[in-house]
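Asker: Keeping the supplied structure of chain G fixed, place chains V and E upon it in accordance with the hints.
Below are the chains, spelled out letter by letter.
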Amino acid sequence: MAKLLEVRDLVIRFGLRTGEVTATSGVSFSLDRGERLGLVGESGAGKSVTGFSIINLISKPGYIASGEVNFNGENLARVSPERMRQIRGNRISMIFQDPMMTLNPVLTIGTQMTEVLHRHRPELSREQARDIALDKLRKVHIPSPEKRLEQYPHEFSGGMRQRIIIAIALLTDPELIIADEPTTALDVTIQAEIMDLLMELCEKDGMGLILITHDLAVVSQVTQNIAVMYAGRIVEKGPTSRVIAQPQHPYTRGLIAALPQSSRHGERLNQIPGMMPTLKDMPPGCAFNPRCPHVMEICHRQIPALRPGSNGNMAACHLYPEENAHE
Amino acid sequence: MSRLQTFRDSYLWYSFRRDKVAIASLVVLVLLVLMAVFAPLIAPYNPYDPEMIDIMNSEIPPAWEDGGTTAFLLGTDSQGRDMLSTMIYGMRISILIGIGAVALQAVLGVLIGLFAGYHGGRLDAFFMRAADVQLSFSYLMVAIFLSAILQAVVGVARFGEIAIPFLILVIGFSQWPQYARTVRASVLAERRKEYVEAARVAGFPSHRIILGQIFPNTLSPILVLSTIQVANAVMSEAALSFLGLGMPIDRPSLGSLINSGFEFIFSGAWWITVLPGVLLVILVLSINLLGDFLRDVFNPKLYKG
Amino acid sequence: MIAFMIRRLAQALIVIFIISLIGFAIKQSVGDPVRELTGISVSAEERQEFREKLGLNDPWYVQYGRFLGHTLQGDLGTSFFYKRPATEVILEKAPATLELVFVSSLIIILFSVPLGVFSAIRPDHFFSRLLMGGSIVGVSIPVFLTAIMMVYIFSIKLGWFPSYGRGELVMLGGWGTGLLTVDGWMHILMPSVALSSIMLPLFIRLIRAEMMEVLESEYIKYAWAKGLSSRRVWFVHAFKNTLLPVITVGGVQLGVTIAFTILTETVFQWQGLGFMFMEAVERSDAPLLVAYLMFVGVVMVGVNTIVDLIYGLVNPTIRIAGVK
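Residue numbers (our numbering), protein chains in the order written: chain G, 1 to 327; chain V, 328 to 632; chain E, 633 to 956.
Just chain G, same shape as in the assembly:
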């Protein structure tokens, strides 16, 4: 059976007034039905924009310059806007980062839920749509959902709002959910709750999930596979357990070393020295070379391709097998 989602050689550019900027280049990954993939990286690495590009909803000056986004074999990068609108919120749902900003302040929760059903399931009556909305609210453990439908977003806490947004994402039983930092804006105590809920729901209904986050710890608990992004490129990808246990790329190693549980009690946390370059001043060669502890001469000249490493992880680094370099 075909993959649920196959992203191939995605290049996203931003047409700024001061010139063109490339946000991501050569991004490729795929997702099976029911698979959960973590897209990891620092802010600015291009992971959010990659997520939004799947439903062709990149903020204005940005656009997909080349590459394919095949969803059930249909290239979403090239479909008509109307066709795209039939898929958005229907077969692919999104969960945004900040639940305080995501819901429209002047519309009731009920309106914001049922409008999705009226749009994508026009055959449903008002009552049927309402029932589905209630059902999904119960699924995300919102107490007394009947009352809640009449309320406005400001009457809910952040955690509650994110539950509602998850409920909205579930309304049409999509095949894929893209969650962009779904817990970053929430209190630490609620983060785990929301993450568990999301994972449980995906597992139960066999939904695919792309989890975009900077938090390796979260990804390691939720996803089966990981793609690590740095400065607009995927630098390493592979099964979650193996990437965490045996990271290949120096950047991934740095990320894992920086996790609090990696350093012993009382020691200083490990950091990767330096900052990620901005899109405007990319160094030549590998974008990680200014921060890399293993930097070699070739790193300044050539951008490394993503190649299978020794343990089966894919890594984009000149440290790994030379024999594939000329492919």
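No lab work stands behind these hints: they were computed from the structure.
Computed cross-link-like contacts, DSSO-like style, restricted to lysine-lysine with a CA-CA straight-line distance of at most 27 Å:
#  : chain 1 : residue 1 : chain 2 : residue 2
1  : E       : K853      : G       : K280
2  : G       : K139      : G       : K204
3  : G       : K204      : G       : K3
4  : E       : K853      : G       : K139
5  : E       : K659      : E       : K715
6  : G       : K60       : V       : K347
7  : E       : K853      : G       : K60
8  : E       : K872      : G       : K147
9  : G       : K280      : G       : K60
10 : E       : K872      : G       : K60
11 : E       : K872      : E       : K853
Answerer: Only chains V and E this time, still in chain G's reference frame:
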């Protein structure tokens, strides 16, 4: 020299060079202001000098119309004054009042905004309530009323003599809340930043922090606001003068010129009203276009598109 | 909501109090009621007697209290010129001005909303650019100049519309309306267009700017991510949020519109409050001036309070939580 270099590299200069409308409006505005400043040198006649005015010359049309003469390029008004000279002198008064009024409201509003925003508390609450109340009056309405009362109290002749400072005061006082609010908002944003905290910890007195550290950061919103406000003040002055509550006809601003010509429009002498009107619109429009440009540059929020 | 309303009400009362103080001060300083009532041929003793009788020798706060008492009963004094109660004169002139404001508000709402929304959702469209260029020219032309140009072009040159007056009126109770006759509409068209000539471009720009800001927000992006139709995103999700700030500004601008009625009515000799006001200024008719001030003040405060209430109704944050 390095300042000049900084300016040349700035986004402001970069955008300006690319914006033909902004360049054109700046050129027009500079020309108009120069004309106003050097009015005695440029104007062919002195409209304030009764010796140079001959009532026999009244209502001569502009040179290109039938009956026009090159001695009066833009014709003459009902009293026989040369339109071109009277308009240049009128614009001088309009600009003077506009800039004067804005300077006054800026000083008042900026000081109130800076100190109220920085200190907060009761002082802040009081001034912001006052600003609310004042903004809920229409300032033009207030100005019309005050002028009407003053004119009734002191008489038309005496009012004419004090019109310029009075108009500056009345337009200036009515608009301080605009500045106070704008500045206060930037102060609140700046106050939380580290450099202000650092200065405070270092023991600088508050007025030095406010004027030395915070004030420079509020300059760009002040600049944007000021252009809009000058245009507004010029328009308000024109409105007051048009109603006969502003500049008297023997020392007319553009507004009083339009007013004095209005009754002659029915007898065909359109130029007495229309020409000062056109000049007023060009003046206000060039300021507004510049203001628009500055707003776009300093507030790129709208520009991300 | 209740806290919000109380605060608004308190503010309204303060404003009315200030207006009444100003009105009182005008009454004290403009014109001499004794001379207006008795003429000049009265001896000094008789004058003094009159002053005493009218209470003009009382301390100012007693006089102010009396003024306030009369005002609350609707008694704003007798116009020097009309020799009739000022309230009566005001009520007689008010319909003309209210109809003028009504028609021009109609023009502003009918045009600014679709044009502002269009130029926000299609910012690069040729028509939007034209509209933005045109609107900045529009806000740069003073109302009275627009009015004069319209008189010159459409009345004097083309002879399409009458240049002054209200035309044929129909009496509905005490309200003389020009909106029921063709002639009345011919007369009101130019003044109301002139009156809306600055507000219309101002509102187009305001609606556009607010809507563009809203369209940038996260919840609009989310609405797109839900696959909603453009119509739904623009007119339900974005438009309602655009309205909030526009309503607030609209209330403030109404005050400016009243000032503009004075200018418009002067040009078109429109027999409304603004025209009456300018006449009263020329005649130093203090009671009428004060009556106008009080009337306009109360109307403005009333409208602002209504605007606040509408704002509260549209904005659920205020409606339920009572916080701003």
